[in-house]
Amino acid sequence: MAKTIQLHVNGKPHKVVADDPDMPLLYALRNDLGLHGPRFGCGLAQCGACTVHVDGKAVRSCAVTVATVEGRKVVTLEGLGSPGKPHPLQAAFIEEQAVQCGYCINGMIMEAAAFLATNPKPSEEHIRAALSNNLCRCGTHVRILRAVKRAAGTAA
Amino acid sequence: MTNTSRSRRAFLKTGGALVVSFSFQPRIAGAQGAAAKAAKTVAIDQVDGFLAIDGKGLVTVFSGKVDLGTGVQTAIAQMAAEELCVPLERVTVIQGDTLLTPDQGVTFGSLSIQNGGVQIRQAAATAREALISDAAGIIGVPRSELVVRDGVATPRSGGRGIAYATLVGERSFNLKLDPKAPLKDPKEYTIVGKSIARVDIPDKVMGKFTYMQDFSRPGMIHARVVRPHAMKASLLSVDDSACRKVPGYLGYVRKGNFLAVTSKTEWGAIKAARAIKAGWSDWQGLPDSSKLWEHVRNGKVVKDEEFQKVGDTGQAMGSPGVRRLSASYDFAIHTHGSIGPSCAVAEFRDGKLTSWSASQQTHLLRKQMANMLGMKPEDVRCIYIEGSGCYGRNGHEDAAADAALIARETGKTVRVQWMREDEHGWDPKGPPTLNDLRAALDDKGNIVAWEAETWIPNRPKDIAVTLVAADHAGLPKEDFHPGNIHQGLAIGYAVPNIKATVHWLAETPFRASWIRTPGRMQNTYANECFLDEAAALAGVDPIEYRLRYLKDPRGVECLERVRKLAGWTPRGTPNPQGDIVKGRGVSYLKYELVRTYIALVADVEVNRRTGKVRVTKCHVAHDCGQIINPDGLRNQIDGNVIQTVSRTLLEELKYDRSRVTSLDWVSYPILKFPDVPEIAYDLIDRPNEKPWGAGEPTAAVVPSAIANAIYDATGKRVRSVPFTPEKVLAALKA
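Order-wise, the sequence lines are chains B and Z.
Numbering-wise, my numbering comes out as the position in the first sequence, counting from 1, plus 218.
Numbering-wise, my numbering comes out as the position in the second sequence, counting from 1, plus 666.
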């Protein structure tokens, strides 16, 4: 049975008519709301490409159902900052040119943003640990680390 | 410079018609003449194939090479803007559209700048020279009096100039590409050689970039392919009764052993693919994975081929008093492992197919899909939209073929998105590679004979890879080609007697294709490890030993510079003490013996208790001639190093007798942040030399540098990639 689910995404209320409340949040964001920041990578919560914030915490949107986030605050990469007012991490990723294909970068920024919110002055080792379950295949890690350090104001 | 994704969208909105209008009017005659719209040429010998300038002086570059996340779009724009003498912001690059871009060959082999960019640069030089001549005629001054600034040809002595927009805006050049058109003196460069920020990055970090996976068409339906449970199983039965309860389910497509489900929604397609009951025949034709190397060594050989023959190794090997050395090296089967599984959209209109995909080879894909579907190539248009990085021929083309077949069978516009298990299970693989090395050393430790042989899958004539859909549906198809994997077997060292032989195998377990640095990585790994073994036997420092045999001055400089960069000290006999031991190893290569030079020092830590190897730092000296964008080059070197550290330490495709069992990131782990090495660079810029590639060469030297460092740390040789803790522990106990 189709069900209308009330979502709160990037500061605005949205209604999503879901055929199946067990549909992962990722598909509601990408296909119903047209938000392409979160990306499909594995559907198994292994790679992190689909990461969004739910009530400020980094969550794998491929592995939570749309029903479970009803009434909670969801933020995607699009809502983190805007071209005119980028989040410090978005600005830092541009400054450091910390992208190759960029498919993983949504997850890197969203995971790092949630991490820095509670660990504002992390060591490099802590950043590495925080991002250890976000996969990048291009080999952009060194730049990503620099960008996160820059955003945290801990760049050497 | 305009972001291609944005301009691409503008192009796509026109539904295939060309935004830029073209005419066949002479360049300067009849500027007011109605611009008769005509099909744009994609001829590779015509300036119009590569360039268009509109009425505002905005330049469109049509590139057959595509940006696979490497930054070449920016680099190619730099080359075109520099040679045309226009500001970079005025240049937009359209990539990989069979209707619009010349066939510059597959985007592989580290050739996008070296071949693709250089062709476009030559087209730009041809255009600039012709426009200066036109301007000289109009202004009435000798052409040597004119200089182009910001797209305006202006007399050196001052006075009014004339803009490209006036000279050619909105019209065709009608000009043959002149291979001898003079290039700008690099001393005058203002754009090439600068670390220009990449055009695609702002959109990518703001979530505004349109990847292939984000692309949609009106009325599009979603499909998922249901692959056989065993690699070559036959489809015996289909029962979709459970699918009919899935909201949005539309039906299935069955053709031969090809099976796919379709749905109005993406989630409906995923659920239907899980719900459908397909009966498959049993098939257990894969080799026993525990005996892979016996399988390779004893495989049926189609032919032997010598790729290097110097002197007489047989005689030298048998000389009295020589010390003989031999070793075997193997290199596991690897998957491309794109983070975003392949995706494509296909649409038929009036019997013509339009295919959107992240293919690195749209012109070749067009031929393959036309062959599969019994169509004329000119009735197929393949359009590139950037996807997740592919690092070779991964699943993008197969997804395109899946979508095309389903679109034809259903009559709908179809989007196919591969799932993670599709990408790991069905993208073509880097084949297993086995190398045997033998050498003879004289009493001074000099190599008097060097023999190399490798067992690798044979190559058909055409460099294409079988489309899975064509194979499973029983439609016309090509054989698969593993890439030019003999490259790298021949060595660039001045040894008096050399023989390098390829044993071309009739079979390999999995559909093979090229994956970053194909063959060059495996062969260089064996060669550079073995050279290190010879150096140890001779009791000579590994850098000094290489310099004995290296006569190429640029190669010598590259090695000397990595020695300095790394603060290298001569390596003595390994003397491991304690649980954690440290070491460093070197490796060197002139890529394919004709282009980019790389020397790399790897620093490692080996835990002798657990067998875990950690690469702590890589030092890279890199000479690719003229550097177009130094920051882009460093980004590519990072990718080469980190991805190859991952491949060397961790990666090995797992399978049983029926199918791939490495179907996710747990069963096929890749390097994670805590184990990523630091990287130091020495970029050797040679502005007056040709620009060579940088997308692959560094990767070639990583595995051997690591293996040599493990020896330096432990005194033991590891000769089987990946260097897993189990294999390292076994080597330590040997």
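Some hints could be false.
Computed beta-carbon distance windows for the label pairs [claimed, not checked]:
| hint | chain 1 | residue 1 | chain 2 | residue 2 | range |
| --- | --- | --- | --- | --- | --- |
| 1 | Z | ASP1245 | B | ASN337 | 44 to 50 Å |
| 2 | Z | LYS1356 | B | ALA335 | 47 to 53 Å |
| 3 | B | LYS291 | Z | THR1327 | 38 to 44 Å |
| 4 | Z | PRO1340 | B | PRO231 | 38 to 44 Å |
| 5 | Z | SER900 | B | GLY274 | 50 to 56 Å |
| 6 | B | PRO231 | Z | GLU1173 | 57 to 63 Å |
| 7 | Z | ASP1245 | B | GLY274 | 38 to 44 Å |
| 8 | Z | ILE710 | B | GLY302 | 54 to 60 Å |
| 9 | B | LYS230 | Z | LYS842 | 39 to 45 Å |
To be clear, the hints were calculated from the coordinates, so they are not data collected in a lab.
Please read all numbers here as calculations on a predicted model, not as lab measurements.
Idealized CB from N, CA, C, for every residue including glycine.
Structure-based check of all given hints:
no., hint, verdict
1, Z:ASP1245 - B:ASN337: 44 to 50 Å, "violated, 31 Å"
2, Z:LYS1356 - B:ALA335: 47 to 53 Å, "holds, 49 Å"
3, B:LYS291 - Z:THR1327: 38 to 44 Å, "holds, 40 Å"
4, Z:PRO1340 - B:PRO231: 38 to 44 Å, "holds, 40 Å"
5, Z:SER900 - B:GLY274: 50 to 56 Å, "holds, 52 Å"
6, B:PRO231 - Z:GLU1173: 57 to 63 Å, "holds, 59 Å"
7, Z:ASP1245 - B:GLY274: 38 to 44 Å, "holds, 41 Å"
8, Z:ILE710 - B:GLY302: 54 to 60 Å, "violated, 42 Å"
9, B:LYS230 - Z:LYS842: 39 to 45 Å, "violated, 56 Å"
Hint compliance for this structure: hints 1, 8 and 9 are broken, all remaining hints hold.
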